[in-house]
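Visitor: With these hints in hand, go ahead and build the complete structure from the sequences.
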Amino acid sequence: AETSQAPGPRIALIRDSLAGYCARSEEVRNRFPQWLIAKGLGLAPTPSIASSERDRAQLETIKPARPFWFWPTLGLTIGGVLGLIGIRWGMKGIKEKRLIENIPRTPCSEVEIGITEVVGTVAYAKSDASPLRGPLTDEPCVWFDYHVQEWRGSGKNRRLHTIERRIRSQVFLCVDDSGSIPVDAEKAQIINGRKAKRKKGNRVYTESSFREGDPLYVLGSGEIDPSTGDSLRIEKDPQDLPFIISNLPESRLKTMKVSVAFWMIAIGIAAVTTAILFLMSFSGTASALHQLIAAGTSIATMLLLIFLLLYNDLVFLRQRTRWARSNIDVALKKRFDLLPQLENVTRGYMTHEREAQTLTAALRSSFEKEAADASETEDAATRKAIGKMLAVRENYPDLKADAVFQRLMTGIIGLENEIGARRRGYNAAAERYKARRSSVPEVMLARAFRFDDAPLLHWSSEMINFSDLDLAPPVEPRGDEVESSPEEPSDPPTSDES
1 AETSQAPGPR IALIRDSLAG YCARSEEVRN RFPQWLIAKG LGLAPTPSIA SSERDRAQLE
61 TIKPARPFWF WPTLGLTIGG VLGLIGIRWG MKGIKEKRLI ENIPRTPCSE VEIGITEVVG
121 TVAYAKSDAS PLRGPLTDEP CVWFDYHVQE WRGSGKNRRL HTIERRIRSQ VFLCVDDSGS
181 IPVDAEKAQI INGRKAKRKK GNRVYTESSF REGDPLYVLG SGEIDPSTGD SLRIEKDPQD
241 LPFIISNLPE SRLKTMKVSV AFWMIAIGIA AVTTAILFLM SFSGTASALH QLIAAGTSIA
301 TMLLLIFLLL YNDLVFLRQR TRWARSNIDV ALKKRFDLLP QLENVTRGYM THEREAQTLT
361 AALRSSFEKE AADASETEDA ATRKAIGKML AVRENYPDLK ADAVFQRLMT GIIGLENEIG
421 ARRRGYNAAA ERYKARRSSV PEVMLARAFR FDDAPLLHWS SEMINFSDLD LAPPVEPRGD
481 EVESSPEEPS DPPTSDES
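Just so we're aligned, residue 1 is where the sequence shown starts under this note's numbering, counting upward by one.
Please note that a few of the clues may not be correct.
[Stated by the list, open to error] Here are the simulated BS3-like cross-link-like pairs (lysine-lysine), alpha carbons at most 27 angstroms apart as the crow flies: (1) 254 - 126; (2) 126 - 97; (3) 197 - 187.
[To be verified] Pair ranges (Cβ atoms, derived): (4) 306 - 195: 35 to 41 angstroms; (5) 306 - 435: 33 to 39 angstroms; (6) 113 - 444: 30 to 36 angstroms; (7) 323 - 445: 16 to 22 angstroms; (8) 444 - 186: 49 to 55 angstroms; (9) 161 - 231: 41 to 47 angstroms; (10) 21 - 439: 53 to 59 angstroms.
Derived by calculation from the structure, the hints in this document are not laboratory data. Glycine included, each C-beta is placed from N, C-alpha and C at the ideal position.
Guide: See the structure below:
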């Protein structure tokens, strides 16, 4: 009879749940300030329901379909993965947007090794080279992306499937008012606004291309051109920095980057908050404190991301300023080493040419003297012909010193232009660094982490001076001009001098 009166597992579970509710209600009633309100309203304590050994034995026979930790672990894993992916991709987009803002625009003729930004128009690198042709439009271009897709399935399962994908490019020029710079679009992130699209049956044909005369924006790395060895071109950075080529304006690029980045960061922070809530659920409760902790975690994550962005920006701008300053030192060292060598080569060539002309004139004089003393023989006629040839050679010499001198002047102008361009690059980098360092809230980080100021360059004529060029060969006095004058007798000493 005693066994027949034992409740079944379902009734035991209901009884245990009721006991839990009563205990929870009494726990909340005894908190402050809830107990004041309960006493004022005259709410009596909730009676407790004790579970018997028989009830607990019945509860142990109940096996849950899934363990308790299954859903919290699943939510924590999914939330953590989505949070990492969203924050990582969002930070990458914001980094590219900040990089576009922080890199000053450089004229094509002043591009240096390292990350750079140029704006111009597309031009063919070689006039005799045959350009590419778009498969869809059959128009000449320097880069194209041809995509063939086909609709498959029906209803909700209808999807576009890729049939063919071709990307072709050739080295082209970015041209502005200062000059041009070659660009290699291989491995670049292309953001193209020129697209052609055509539908035929179930297939969709799409072509994106860059054509001659299109506006061009390039953010990449200046590297040594392997085809020449002595010039630069823009290509993919070896350190995996962003390499962006587009025919859209810079402002639109920044808007596109930041809008996608903000959406990804929002998804990432929401996923982190969800993961924290699932982590708190391991305690078996979902109190307001747990929700407050999750909300505080999302706020702390956002503040941490802002701190990382601002700090990394200051570090990047400071390092770029130091790099620009070191480029000036490299250019000055190059001028210091190269200019004396050019001077010596030019002076040596001018001296050699002067000696050759002097020797030719002396040789002609000797032939004329011998021809005057010789009789009218075949040998005398030969000497006379040779003398005439020497005279013609002397009157119409093939001088090369002017070309060497012109190369010297071109080299000097190139060195000075290079130093001037690097000075302007340093001042542009320093100006951006100073502006960001003095802005709020960057100024607080700059003071806390001791980011030193970068003064602008003010060059004077006395700074980094080099010796004057002296290309004139030493003038030796002629023998007939050196005359020894007789020494004049000195006056006899006076009585005062003695």
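Visitor: None of the hints should be skipped; say for each whether it holds.
Guide: Against the structure, the hints come out as follows:
no. : hint                          : verdict
1   : 254 - 126                     : 32 angstroms, violated
2   : 126 - 97                      : 33 angstroms, violated
3   : 197 - 187                     : 24 angstroms, holds
4   : 306 - 195: 35 to 41 angstroms : 36 angstroms, holds
5   : 306 - 435: 33 to 39 angstroms : 19 angstroms, violated
6   : 113 - 444: 30 to 36 angstroms : 34 angstroms, holds
7   : 323 - 445: 16 to 22 angstroms : 21 angstroms, holds
8   : 444 - 186: 49 to 55 angstroms : 43 angstroms, violated
9   : 161 - 231: 41 to 47 angstroms : 44 angstroms, holds
10  : 21 - 439: 53 to 59 angstroms  : 57 angstroms, holds
In summary, the structure is inconsistent with hints 1, 2, 5 and 8 from the numbered list given earlier, while agreeing with the others.
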